[in-house]
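Start from the sequences, fold in the hints, and give me the full structure.
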Amino acid sequence: MSQKGRNIGTLSRSPAASAWEVLATAFGDASTQDRVWLGLERRLDIDSVAHDLHGVFGQLANALRAGGHAWPELARLDGVRRRQWTKNTLRLRALEAAREPLRQSGIATMPAGGLALLLRQPHAGDRPLVDADFSLDGAELERAVAILTGEGWSEILRRRDGYLMDLHAVTLERDKQQITLRAVPGRWPYGPDTDSNTDGLPSAARLLAYTLVEGFRLWGYTPTRRYADVLLLLRDPAGLDWRDFLQVVRARHGEAVVLAALVEVECRVAGLVPADVLEQLTESVGRRERVAASADLRLGTAAVILRRTAGLSGRAVVAATPGILCDLWDVARPSELPSAGLRRMRLRFLQSSSASSTAGARP
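Numbered according to numbering that gives the first Met the number 0, the sequence shown spans residues 0 to 362.
FYI, nobody ran anything at the bench for these hints, they're computed from the structure. By construction, the Cβ of each residue, glycine as well, lies at the ideal position given by its N, Cα and C atoms. Just so you know, not all the hints are guaranteed correct.
[To be verified] No more than 16 Å apart at the CA atoms, straight line, and that leaves these computed lysine to aspartate or glutamate pairs for EDC-like: (1) 86 with 174; (2) 175 with 150; (3) 175 with 154; (4) 86 with 150.
[Stated by the list, open to error] Pair ranges (Cβ atoms, derived): (5) 12 with 281: 17 to 23 Å; (6) 49 with 175: 20 to 26 Å; (7) 92 with 319: 42 to 48 Å; (8) 278 with 66: 30 to 36 Å; (9) 270 with 41: 25 to 31 Å; (10) 333 with 145: 51 to 57 Å.
The structure is reproduced here in structure tokens:
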């Protein structure tokens, strides 16, 4: 039975300081690695680190060996990477089999997000495959769901997420394997480009833009995994087309959130982001964009309206707002907005009252 997912995604801004130490050691240059590892080596217990750090154990092992650090736990890091390779390989086969009936029905799907990132890596154990996303034409979403349901898949979740809250996704499950079909909006800047080395996959630049912009509000995408993916892409052997990256970020009005993330990356693992990229992002971010990027959950709808109307005049914002609200609140016409707003207020009041009662209860 399907359920409607929370729309908010994972809004935590940054990994914990301890996670950053592992990331800096795994992805930093030799001087960064030596400096961070000096303090981390005595404290790192791989049995107790957060689960979303396990995905970088392979990079950590490679970095420590390259730096000449003979840590006793290196073999265990390698073991985690091998298990990850085995799980990913089996899952990739299952996902390819799931795509076949869609292909036979004329529905084109493209690996997206973490799946596309993994497929760009030389080793199938370089990233955990926890989010098997395929993008497809939004008009084909329901037909694709019906086809997979006929193949024994069960719909378990529908959700809306993404930086502008305009990405619709359906997750299905069969034999403990999950696949997510993500409907592509009319203007989708993250598709494959002219990069001849991607075999139909998005380039590193476009995947980086997707990770930084949409990842800010993707359901279940933890800050640690998100920043690990950012660092993996910044280290992509094919390099990045920064001009294309900036064009995609601007197309989704994501300059403010991308700037904040890249500044943090440079503070933690210096030398990965060109100074002129940060300068261009800084010049293009105004006060309005900063407010939209920093708004918390209590300003969720208002923040999305600010993001979607970036660059519009005040009059144009007023004119566009009813249509945006209809889309965000899933109502058919503007005349239904008052009643929808009242329902949302009532639901929030009930949730707040329930939370207060729970907090005040004694064991």
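Checklist entry - Straight-line Cα separation of residue 86 and residue 150 no greater than 16 Å? => result 22 Å, violated
Item to check | Assessment of proposed distance window 51 to 57 Å (beta carbons of residue 333, residue 145) | outcome: Given a distance of about 31 Å, which is not inside 51 to 57 Å, the answer is violated.
Item to check | residue 270 versus residue 41 beta-carbon gap, inside 25 to 31 Å or not | outcome: With a Cβ separation near 26 Å, residue 270 and residue 41 satisfy 25 to 31 Å, so the hint holds.
Checklist entry - Does the structure keep residue 175 and residue 154 at a Cα separation of 16 Å or less? => result Holds. Residue 175 to residue 154 sits at ~12 Å (cutoff 16 Å).
Next on the checklist: residue 175 and residue 150 were given as a pair; does the straight-line alpha-carbon distance stay at or below 16 Å?
Outcome noted: Since the Cα atoms of residue 175 and residue 150 sit roughly 15 Å apart, the hinted pair holds (cutoff 16 Å).
Checklist entry - Should the hint that residue 278 and residue 66 are 30 to 36 Å apart at their CB atoms be regarded as holding? => result Because 32 Å falls inside the window, the suggested range holds.
Checklist entry - Falls inside 42 to 48 Å, the C-beta gap from residue 92 to residue 319? => result About 45 Å separates the Cβ atoms of residue 92 and residue 319, which means 42 to 48 Å holds.
Checklist entry - Per the hint of 20 to 26 Å, is the separation of the Cβ atoms of residue 49 and residue 175 within bounds? => result For residue 175 against residue 49, whose Cβ atoms are near 23 Å apart, the range 20 to 26 Å holds.
Checklist entry - Between residue 12 and residue 281, does the C-beta distance stay in 17 to 23 Å? => result Roughly 18 Å apart at Cβ, these two residues keep to the hinted range, so it holds.
Next on the checklist: Please verify whether residue 86 and residue 174 have alpha carbons no more than 16 Å apart.
Outcome noted: 14 Å, holds
Hint violations for this structure: numbers 4 and 10, all remaining hints satisfied.
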